[in-house]
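Engineer: Under the UniProt record's numbering, think of the first position of the sequence shown as 1, with each following residue one higher.
Honestly, I wouldn't trust all of these hints.
Claimed, not checked - With a straight-line cut-off of 25 Å between C-alpha atoms, the simulated SDA-like cross-links for lysine to any residue are:
#1 LYS160 / MET172
#2 LYS72 / LYS132
#3 LYS173 / GLU212
#4 LYS66 / MET172
#5 LYS138 / TYR63
#6 LYS138 / GLY181
#7 LYS160 / THR180
Derived by calculation from the structure, the hints in this document are not laboratory data.
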Amino acid sequence: MAGSKTNRKFKTALRKVFFKNVLPLLLVIGVIQLFANSPIEENVISSLTSEKKANLSKQVLQYEDKVEKYAKEEGIEDYVPIILALMMQESGGRGDDPMQASESYCGSVGCINDPEKSIAQGVSYFALTLEKADYNVKLALQSYNFGAGFIDYVMNHGGKYTQELAIEFSAMKYEQLQHTGIYSCIREEALQYDACYGDIYYVDAVLEYYDEENNENRKVANF
Numbered sequence: 001m002a003g004s005k006t007n008r009k010f011k012t013a014l015r016k017v018f019f020k021n022v023l024p025l026l027l028v029i030g031v032i033q034l035f036a037n038s039p040i041e042e043n044v045i046s047s048l049t050s051e052k053k054a055n056l057s058k059q060v061l062q063y064e065d066k067v068e069k070y071a072k073e074e075g076i077e078d079y080v081p082i083i084l085a086l087m088m089q090e091s092g093g094r095g096d097d098p099m100q101a102s103e104s105y106c107g108s109v110g111c112i113n114d115p116e117k118s119i120a121q122g123v124s125y126f127a128l129t130l131e132k133a134d135y136n137v138k139l140a141l142q143s144y145n146f147g148a149g150f151i152d153y154v155m156n157h158g159g160k161y162t163q164e165l166a167i168e169f170s171a172m173k174y175e176q177l178q179h180t181g182i183y184s185c186i187r188e189e190a191l192q193y194d195a196c197y198g199d200i201y202y203v204d205a206v207l208e209y210y211d212e213e214n215n216e217n218r219k220v221a222n223f
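Between the sequences and the hints, there should be enough to build the whole structure, so can you do that?
Structural biologist: Structure below.
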């Protein structure tokens with residue numbers, strides 16, 4: 001009788017130990033194994049180690065090889081991530097003119113209807129603005145949007161890109177061209193300045209798509 005009671009006490013104690021200590025440990029191990037074999041974790045690891053920035057669209061990334069090709073021809077292959085970010089801002093990689101390069105090619109919108117021609121022209125024009133801007137990325141980017149005349153304006157006003165100069169230039173050009181009816185503010189924030197020529201926040205918009213940490217092997221020094 002005493003032995004039976006002892007066995008019951010032992011079994012009860014054993015169950016308590018199992019449910020209190022062993023079972024939770026087994027559950028934790030099971031969860032870890034589940035995630036270890038899960039494609040979700042593989043995707044997470046892939047996204048963390050990938051050199052392609054996640055917020056570049058698939059449409060943009062499909063042109064990476066083309067951008068690389070023409071950037072090498074222009075001697076600016078280190079700027080490929082910047083150019084991809086630029087394309088993302090311009091079009092998201094959609095349409096027949098993903099670099100929105102028609103105006104720099106023929107002076108009007110819509111004269112390029114071939115993506116590769118757009119990339120060739122866009123990369124070439126960016127290379128020109130980059131050189132003229134003494135390889136200052138922000139100045140070159142804003143000039144891609146405003147036109148190369150912005151570089152001359154900056155050089156005559158201190159020689160360094162600033163947000164204030166972008167606003168001043170946009171307001172000046174808008175005052176000159178407002179009568180054409182072609183231009184209107186694409187950003188509500190620009191209305192207070194009457195700076196409706198181009199995009200006064202173009203540089204920041206492009207750099208939102210540029211991941212410096214994931215492009216350390218192509219780090220651009222002069223911003």
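Engineer: If a hint holds in the structure, say so; if it does not, say that too.
Structural biologist: Comparing the hints with the structure gives:
1. LYS160 / MET172: Distance ~18 Å between LYS160 and MET172 Cα, so the pair holds.
2. LYS72 / LYS132: It holds: about 18 Å lies between the C-alpha atoms, which stays within 25 Å.
3. LYS173 / GLU212: Violated: LYS173 and GLU212 sit about 32 Å apart, past 25 Å.
4. LYS66 / MET172: violated, 36 Å
5. LYS138 / TYR63: holds, 23 Å
6. LYS138 / GLY181: violated, 28 Å
7. LYS160 / THR180: violated, 30 Å
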